[in-house]
Amino acid sequence: MTPPALSARALSKRYGKTTALDAVDLEVGAGELVGLLGPNGAGKSTLVKIACGLVRPTGGEAHVGGAPAGSREARAATGYLAELFRFPAWASADEVLKLHQRLARSDGGAAEREALLARVGLSGEGGRRMATMSKGMQQRLGIGQALIGDPRLVLLDEPTSALDPGGRRTVRDLLVGLREQGVGVLLNSHLLSEIELVCDRVVIIDGGRVVTEGRPEDLTAPGGVEVETSAGVRRLPDARREDVPRIVRELVAAGDEVYGVRVVTGTLEDAYLAAVVGRDG
Amino acid sequence: MSDALTIAGYALREAVRRRVLLVVALLTAVFLGLFALGAFEAFDSLEQSSADVPIDEQALTGGTLLGLAMFVALFLGVVLAVFLTLDAVRGDAERGLLQPLVVRPVGRTTLLAGRLLAASAVCASYVVIVFLAAAVITQAAGDFTPSSLFVPAAGLALGVVTVVAVSLLGSTVLSTTANGIAVFMVFATGLAGGLLGQIGEGLQVEALEQASSIMSWIVPFEALYQNGLHALTADIGGAAGVIVQLGPFGGASDVSAGIWLWAVAWSAAVLALAALAFKRRDL
Chain A
1 MTPPALSARA LSKRYGKTTA LDAVDLEVGA GELVGLLGPN GAGKSTLVKI ACGLVRPTGG
61 EAHVGGAPAG SREARAATGY LAELFRFPAW ASADEVLKLH QRLARSDGGA AEREALLARV
121 GLSGEGGRRM ATMSKGMQQR LGIGQALIGD PRLVLLDEPT SALDPGGRRT VRDLLVGLRE
181 QGVGVLLNSH LLSEIELVCD RVVIIDGGRV VTEGRPEDLT APGGVEVETS AGVRRLPDAR
241 REDVPRIVRE LVAAGDEVYG VRVVTGTLED AYLAAVVGRD G
Chain B
1 MSDALTIAGY ALREAVRRRV LLVVALLTAV FLGLFALGAF EAFDSLEQSS ADVPIDEQAL
61 TGGTLLGLAM FVALFLGVVL AVFLTLDAVR GDAERGLLQP LVVRPVGRTT LLAGRLLAAS
121 AVCASYVVIV FLAAAVITQA AGDFTPSSLF VPAAGLALGV VTVVAVSLLG STVLSTTANG
181 IAVFMVFATG LAGGLLGQIG EGLQVEALEQ ASSIMSWIVP FEALYQNGLH ALTADIGGAA
241 GVIVQLGPFG GASDVSAGIW LWAVAWSAAV LALAALAFKR RDL
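Listed in order, the protein sequences are those of chains A and B.
Just so we're aligned: 29 in my numbering is position 29 of the first sequence, and the numbers increase by one with no gaps anywhere.
Just so we're aligned: 154 in my numbering is position 154 of the second sequence, and the numbers increase by one with no gaps anywhere.
None of these hints come from the bench; they were simulated from the model.
Some hints could be false.
[Claimed, not checked] Far from chain A, some chain B residues (derived; all Cβ distances over 12 Å):
no.: 1; residue: Leu26
no.: 2; residue: Gly38
no.: 3; residue: Leu68
no.: 4; residue: Phe75
no.: 5; residue: Val106
no.: 6; residue: Thr110
no.: 7; residue: Val136
no.: 8; residue: Ala182
no.: 9; residue: Ala192
no.: 10; residue: Val205
no.: 11; residue: Ser213
no.: 12; residue: Ile218
no.: 13; residue: Asp235
no.: 14; residue: Ser256
no.: 15; residue: Gly258
[Claimed, not checked] Calculated pairs, EDC-like style, for lysine to aspartate or glutamate (alpha carbon to alpha carbon, straight line, at most 20 Å):
no.: 16; chain 1: A; residue 1: Lys98; chain 2: B; residue 2: Glu94
no.: 17; chain 1: B; residue 1: Lys279; chain 2: B; residue 2: Glu94
no.: 18; chain 1: B; residue 1: Lys279; chain 2: A; residue 2: Glu61
[Said to hold, decoys possible] Label-pair distances were calculated between CB atoms; the ranges are:
no.: 19; chain 1: B; residue 1: Ala188; chain 2: A; residue 2: Glu73; range: 40 to 48 Å
no.: 20; chain 1: A; residue 1: Gly31; chain 2: B; residue 2: Leu26; range: 54 to 62 Å
no.: 21; chain 1: A; residue 1: Arg9; chain 2: B; residue 2: Phe75; range: 49 to 57 Å
Each residue gets a CB set at the ideal place from its N, CA and C atoms; glycine is no exception.
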């Protein structure tokens with residue numbers, strides 16, 4: 001059986017007296033896109049850093065493709081984009097990718113570099129120096145370098161924070177492509193709409209603990225039905241989609257004229273706030 | 001090894017692209033120009049002097065000038081070593097430059113080894129080139145040939161490698177500024193230890209000599225430097241030899257040959273400590 005791209009069991013991390021992670025269990029399967037949500041200081045970045053070997057856990061264990069997180073084998077199978085990263089200002093995009101190809105022992109050569117630049121929307125920018133690139137362009141390049149060597153697991157920490165809407169669309173398409181290739185992705189982001197659009201599963205952590213998880217559609221609660229009639233908009237908060245024909249029939253029978261019906265669904269933001277704010281009181 | 005060479009190449013490219021090496025080359029050319037001017041003037045003044053003094057003035061002048069050149073080469077080499085490495089770990093991590101490299105299969109120890117290789121190659125080459133250029137100038141200006149060129153040059157080279165190792169260790173635990181200050185203070189303490197030894201020898205104070213000797217083993221660059229100074233002027237005899245040996249650019253004493261092995265082992269131990277500290281560091 002193929003081991004999951006990422007598996008964390010009872011993972012804990014303490015910085016002195018501060019608990020950053022407290023017995024977190026998490027799994028990212030092959031070809032699964034998992035969104036990691038949580039307020040600032042919830043432990044999201046710590047979790048991602050443990051997975052890629054930058055931080056040592058205090059307790060529990062994490063594995064990447066079956067290998068202990070941080071081991072050479074695990075690092076070879078991981079692509080990572082840090083939230084706060086920088087490439088040397090003197091280097092060109094092509095030089096950055098070439099360096100990472102060598103360190104990742106990728107033999108993809110120029111063809112891989114060109115393909116990666118095209119994939120993140122930087123075709124023809126290989127010779128451009130970092131010093132002349134915008135933050136958004138550097139972020140695209142950062143995503144490109146995370147994909148060097150065909151990793152099994154890609155860890156993206158706020159990958160679209162500096163991107164324009166076009167860039168975000170590019171990244172979404174790229175993530176869908178990774179899923180089709182069987183790559184597991186852990187996406188840490190505050191952009192709930194992005195996660196809702198693309199992720200198969202969402203994990204919300206707060207105070208170092210997983211507070212809720214599930215598919216986006218399961219986490220978003222139904223919000224009732226709104227009906228636009230000659231008497232105005234009527235809101236039926238407890239109604240569901242299946243109730244719409246009956247509601248319309250009854251209104252028409254009662255002499256109302258129905259101009260439109262909208263099934264209201266909750267958003268991931270609602271679910272997030274319910275899980276985090278509700279928990280925090 | 002190929003990973004370490006990749007990192008070393010990356011560090012060297014950085015030094016070239018950021019024009020570090022260009023600035024160093026230009027300013028070193030200025031120093032050597034001034035040194036040449038001073039050397040020719042000094043030897044010319046000897047030829048014009050009619051004073052009848054019973055010392056070999058040519059050897060005294062040549063030995064002193066080359067001793068000065070050796071000190072300047074060491075000082076500039078240390079400056080270069082510190083600035084090439086002072087932010088290698090913590091500084092680069094704080095700027096977000098290190099994390100993308102550390103998550104690759106290349107190990108943290110290899111990363112450090114690469115930085116050591118690059119900085120050592122630059123600094124060791126630099127001090128040897130500056131010292132040998134000064135020796136050529138001194139030879140041309142006053143026909144002065146030092147007792148040894150190899151021992152001082154090799155001592156300078158190994159000395160700056162020990163400083164590179166210290167700076168890398170500091171970079172794993174200290175902030176950039178704190179590390180720079182710390183390494184320069186270690187350097188100054190070592191030099192002060194050497195001067196104490198010279199004073200102790202001149203005044204025949206055994207305690208000072210012992211303190212200097214202990215300091216030389218604690219910070220071996222100083223012992224290598226003193227050893228190089230001593231080798232530089234070992235053949236100068238008579239009053240000139242005494243004056244050079246007791247002056248600021250004369251080696252206080254000939255240290256044990258074991259200092260070479262000790263300096264290599266010491267650097268390896270410091271690098272091992274740095275690797276351990278780096279390995280335990282959360283990024």
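Structure-based check of each hint:
At the 12 Å boundary, the C-beta of Leu26 (chain B) stays outside the reach of chain A, the nearest C-beta of that chain being 19 Å off. Every C-beta of chain A lies more than 12 Å from that of Gly38 (chain B), the closest at about 37 Å, which supports listing it as non-interface. Non-interface status of Leu68 (chain B) relative to chain A is upheld: no Cβ of that chain comes within 12 Å, the nearest being about 35 Å off. At the 12 Å boundary, the C-beta of Phe75 (chain B) stays outside the reach of chain A, the nearest C-beta of that chain being 27 Å off.
Distance check for Val106 (chain B) against chain A: the nearest CB is about 5 Å away, which does not clear 12 Å, and the non-interface claim fails. Against chain A, the non-interface label of Thr110 (chain B) is violated: not every CB pair exceeds 12 Å, the least being about 10 Å. Here Val136 (chain B) stays apart from chain A, with its beta-carbon at least about 34 Å from theirs, past the 12 Å limit. Residue-level check passed: Ala182 (chain B) sits 24 Å from the nearest beta carbon of chain A, beyond 12 Å.
Listed as a non-interface residue, Ala192 (chain B) keeps its Cβ farther than 12 Å from every Cβ of chain A; the least gap is roughly 37 Å. Distance check for Val205 (chain B) against chain A: the nearest CB is about 49 Å away, which clears 12 Å, and the non-interface claim stands. Residue placement check: Ser213 (chain B) keeps its beta carbon more than 12 Å from all beta carbons of chain A (closest about 42 Å). Here Ile218 (chain B) stays apart from chain A, with its beta-carbon at least about 32 Å from theirs, past the 12 Å limit.
Consistency note on Asp235 (chain B): stated as away from chain A, and its beta-carbon is indeed over 12 Å from all of that chain's, at 48 Å minimum. Residue placement check: Ser256 (chain B) keeps its beta carbon more than 12 Å from all beta carbons of chain A (closest about 41 Å). Residue-level check passed: Gly258 (chain B) sits 38 Å from the nearest beta carbon of chain A, beyond 12 Å. Straight-line distance between C-alpha atoms of Lys98 (chain A) and Glu94 (chain B) comes to about 24 Å, which puts the hinted pair past the 20 Å bound.
For the hint linking Lys279 (chain B) to Glu94 (chain B), the alpha-carbon distance of about 16 Å falls within 20 Å, and the restraint holds. At most 20 Å may separate the alpha-carbon atoms for a hinted pair to count; Lys279 (chain B) and Glu61 (chain A) meet this at roughly 18 Å. At about 46 Å, the CB distance of Ala188 (chain B) to Glu73 (chain A) agrees with the hint of 40 to 48 Å. For Gly31 (chain A) and Leu26 (chain B), the Cβ-Cβ distance of about 56 Å falls inside the hinted range of 54 to 62 Å, so the restraint holds.
The beta-carbon spacing between Arg9 (chain A) and Phe75 (chain B), approximately 55 Å, falls within the hinted interval of 49 to 57 Å.
Consistency with the previously given hints fails for numbers 5, 6, 16, ordered from lowest to highest.
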